[in-house]
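Novice: Chain by chain, the residues run as shown.
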Amino acid sequence: MLENAWLAWMILGSPLIAFVVVGLVGRRLPEGGAHVVVGSLAASLVIAVYFLVQVLQQGAIGNSTATTVPGFTWIPGDPATGEGAIGMNLLIDNLSAFLLVLVSFLSLLIAIFSIGYMHEEAGKPRYYAEIALFVAGMLGTVSADNFLQLLIFWEIMGLCSYLLIGFWYHKPEAASAAKKAFLVTRVGDVLFLAGILVIWNVFHSFRFEEIVQKIPVLWGGAYTPQLALLIPLFLFGGAVGKSAQFPLHAWLPDAMEGPTTVSALIHAATMVKAGVYLTARSFIFLVPIATGGGILVQAVPWNAILVIAGIGAFTAVFAGSMALANYDIKRVLAFSTISQLAYMFLGLGAGAYLMASEAAHGSTEVATAGYSAALFHLTNHAFFKALLFLAAGSVIHAVHTNDMRAMGGLGKLMPWTSKTMLMGALALSGIIPFSGFFSKDDILAVTFETGASNPLFYLMWVAGIGTAFMTAFYTFRMWLMTFHGEFRGHGHPHESPRVMTSVLIVLSVFTIASGAIAFLTNGFGNLIFYEEPHAALPLITPLLEANVVELALTGLSLALALAGVGLAWAVYGKRVISPSTFTKTPTRAFLHSMLVNRYWIDDWYNAFGSRTVAGFARAVDWFDRNVVDGIVNALGRGGVVVGALSDLFDRKVIDGAVNSISLETIRSSLALRTRQTGQVQNYTWVIVLGIVAILVLAVLLGILPRILGRP
Amino acid sequence: MIPVEYELILSTALFCIGLYGVMVRKNAIIVLMSIEILLNAAILNFVAFSSYAPPAGDPAGQVFALLAIAIAAGEAAIGLAIFLALYETHGTTELDKIRLLRW
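Those protein sequence lines, which keep their order, are chains H and L. First residue of the first sequence? That's 1 in our numbering, and the numbers climb one at a time after it. First residue of the second sequence? That's 1001 in our numbering, and the numbers climb one at a time after it.
Any given hint could turn out to be false.
Stated by the list, open to error - Here are the simulated lysine to any residue pairs, SDA-like style, with alpha carbons at most 25 Å apart:
hint : chain 1 : residue 1 : chain 2 : residue 2
1    : L       : LYS1097   : H       : GLN676
2    : L       : LYS1097   : H       : TYR683
3    : L       : LYS1097   : H       : THR684
4    : L       : LYS1026   : L       : ALA1077
5    : L       : LYS1026   : H       : THR684
6    : L       : LYS1026   : H       : GLN681
7    : H       : LYS179    : H       : ALA614
8    : L       : LYS1026   : H       : GLN676
9    : H       : LYS179    : H       : LEU191
10   : H       : LYS419    : H       : ALA513
11   : L       : LYS1026   : H       : ARG675
12   : L       : LYS1097   : H       : THR674
Hint data in this document are derived by calculation from the structure and do not stem from the laboratory.
Go ahead and model the full structure; you've got the sequences and the hints to work with.
Specialist: In C-alpha cells, the structure reads:
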C-alpha cells in the first residue's frame, strides 16, 4: 500500500487545474500563464517522485507493488457481486510510477523552454492551456487502471495534438497537418476502440488486473484462440496510429508544422510514447500467464507477436531511410522518432516472443529482457529526443527556418546549442557511453536471442542493425549540416536566451546519465518490471561472463554506428565525398527521389483521399441530391397539395356553413323585427288570438280538462 | 235565487265588452276603463261561484273579490299616472301615436 495514495490524483489533477486556470484567465497573466503551467508540472513531478520513491522502497525492487488508487465508480455493475462495474481508478505500479516521473519531468523542462521559445508569439494562453491539458492526458494514460480510462485520456491527447499541431492555424499547412494527425491517428483509435469492445465482451471488465485473473478461467471458453489473436492486434492497431508506425506513420512528419516545443512534447514525453505504453500494457494478452497449476502457454498469440515485431523492424528501416535525404531539420528528427519507436516495438515483440517460447520450453524463469529493453529505450529516447528537438527549436528560433540548407556554421555562433545537440546526436546514434547505446544494444541483443526460436527474428535483427547505421548517418548529417562549415542563411543568428539553453544543458546531462539508470538498479527491468527480478543488462552480462557472441554483436552494432558517423563526416564534414555522389546514376537518383518523396506513400494516401474517397463522396452526394432529396421534395410537395385541399375545404365548407348560418340569421331577423311595431294593441291582438287558438286547439283535441287541471 | 248560469253569462258578456275595448279603442283612458271591465267580469265570477259552489257560504270568493277591487284601484291609479306622464312627454294619449315599444 502507498501512503497518501489519494495524492496520486493530483499528479494529473494539477495540470488539469492549470489548464482551467490558464484557459480562463491566462490572458491577464504574465507570459500567458506560462508560470502557472510550469508550477503545476513541477507539482506533478514532485508528487510523482514521491510515489516512485515509495514504490521503490516498499517494492524493495523486484516485488509486486501494484496499488490501485480508488477514484469513483463511473458505471455501477451487478448490484449483488459488483461485477461489470466501470470505475475511474489509478494504477500505481513500477511502470506507471516511473513513467509518471519521466513524463512530468520532461514536460516541465519543455514548458520552461517554451517561456523563451514562445516569448514573441501571440496566443500564448491557448498554447499553455493546451500544453497543460496534453500533459494531463498523458499522465492519465500512463496511470489508468483499465482500458476504457486509458482510451479516454488517450483521446484527450489526440485532441490536444490536433490543437497544438494546428497552433498556427492561419497557416494552411499547419491546419491540414493538424487534420492529418487527427484523422490518421483516428484510424488506429477505431481499431483500439474495437479491441476494447471485444475485451468487454469477453471479460466483462476493462481492468488490467481482473483481465489477467480471468484469462486462465475463460481460456477455452469465451476466450478463444481467434480472440486471443484479435485483441492484441486491435490494441496494436491503436498503438500503430498513436506511435506513427507503418502504415499510419504519415502524420508525424507533417506534425512538424506545430511549434518545435510541441514537437518535442509529442516525440519525447507524450503522444507517441503512449502507443508503446499501450503495447507494454497489453503484454497481458501476449505472454504466458502463470496459473495455479502452471503456465498457460496455449493462449499466446504467436502471430500477433510476429506482427508487432515485424512492423517494428520494417518501420525502423523504412522511416530511417526516409530521414537520410530530408533537408528539414525537424522532419529528420520526426523520421528518427518513428524509427526509434519502431525499435521499441521490435523490442517488445521480440521480448514477448522470447518470454513465450522459453515458457513453452518449460522454463519457469520469466524472460523480461525485451520488455525492459524496450521501455529502457523509451526512457532514453525521451531524454535525447527532447534534447534534440529543443536544440533544433533553439536553432530555428535563431535562423527562422527549418531548412538545413540555409544553416551551417552555427557551431561558433551558438556554442551551447551546438554542444548539447551533439550529446543528443551521439545518444541517438548509439555511441558508447551515451544512453541510446545501452537500450538499443539491449533490444538488438534480445532480437538476436529470439532468433534461436524463430529465424524471422534474425531478419529483424539485420533490419535493426541496418537502421543503427542509417541512424548514425542521418543524425550526423543533420548535425554537421546545421553546425559545421559556413553559414548559408541570412541574418545574424545568436545564441538563445538562458531559459532555453539551461534546459538544454539539464537535458544533455540526463541524456548522458539515463543510461546509468540500468546500472544503478542492476538491470532496467528491475525498475519497471515487477513479480520477477530481472538479470542485469545483456551488456554487463557478457562482460562478466565473457560471452563472445554477444560481445561480437555489441561490437558490430557499435562499429556500424561509428561507420555511419564516419560516412556523414566524410560527406558533410570533410567533404571528401560529394553529396552529389548519391544522385549520380539514374538508379541512385531514383532511390534519392523515392526517399525525398517518402516512398510516395503520402501521395498514395492523397490519391486515395482525392479519388476513391472523394469519388465515393460524390456518389453519395449525387444519391443524396437526387434520390433522397427527390423523395423529400416529393413528400414536401404532397404536403403542400394536401394543405391546399385542406385550406379549400376550410374556406368553402366550414367557413361557408358558419357564414351562411349567420347571414341567414341576420336576414331573418331583419324580416322579423318589422313585426315589433311598438303598438301595444297589436301585441294584445296576438296575445288574445294566441289564447283563443290554444283554447280552440285544446277543445278540439279534448285536452282542455287536463290543461285546467281537472281529471 | 238567481241561477249561476245567468251570472256567468253576464260575466262573459262583461269580459267580451272589456276585451273589445282593450283591443280596439285608441284612447288610453278608455282602454284603462275596459281593463277595469275585464277585472270586474273576473270578480263577478268569484262572487258567483262563492254563493253557488259547496260548501255554500264559503267566504273565500268574496274575500278575493274585495282584494281584487282594492288592487284594481291601485292599478287604475298607476295606469292614470303613466298616462299623465305620457301626455306630458308626448302630448297625447292616443295609443297608436305612442310607439315606445318599437324595435
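Novice: Are any of the numbered hints broken by this structure? If so, which, sorted upward?
Specialist: none
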